[in-house]
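Assemble the whole structure, with the sequences as input and the hints as a guide.
Using our numbering, the letters of the sequence shown map in sequence onto residues 2 to 164.
Treat the hints as calculated values from the structure; they're not laboratory data. There could be a bad hint or two in this list.
Said to hold, decoys possible - List of simulated lysine-lysine pairs, DSSO-like, C-alpha gap at most 27 Å: (1) Lys137 / Lys50; (2) Lys50 / Lys117; (3) Lys117 / Lys137.
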Amino acid sequence: MEISTSNITLFAATLLIGLVAGLCFTWGNAVTPGVGQLEDMGYLQSFQKMNRSIENPLFFAVFFGSFFVGIVTVITNRGISPTHFWLVVIAIAIYFFGVVLVTVFGNVPLNQLLDKTDLINSTTGQLRTLRENFEKPWNRFHSIRVVSATISFALLIVAGIVK
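Spelled out as structure tokens, the structure:
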């Protein structure tokens, strides 16, 4: 196999999107069901702390880097074959719409709402209402991210095979 720019960018995009797919899968498969069993205060405090912890340079580099490396991958993989090219384009489009945009316009506003809330000084009723307004929509958006990231990852793997 020849080491070319197209191979390197495809490898990098596949790796980065694979990391995001794994994070999304694990978060949806273990983290949210686990904290979902907590009472309202514990659930909301856990999510506040996890959301604050995940906002770090490494996460942002992988999460947004996936899309930017994906764009470079589309550009560098144009001449390989039509099937290969369209697999890469579709994978990156699904990642952008189903992971990046869903995160930015779905999950992040909910995270910001939770982050701005003073949980300690909230009443039991306020905590229950906040959780009701947060948990189901957040999980619904996250399910879209899990499916989208997994499909994107799988398509990039197939693109690496179908050259």
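Evaluation of the provided hints:
no.: 1; hint: Lys137 / Lys50; verdict: holds (19 Å)
no.: 2; hint: Lys50 / Lys117; verdict: holds (12 Å)
no.: 3; hint: Lys117 / Lys137; verdict: holds (19 Å)
The earlier numbered hints are all upheld by this structure, with none contradicted.
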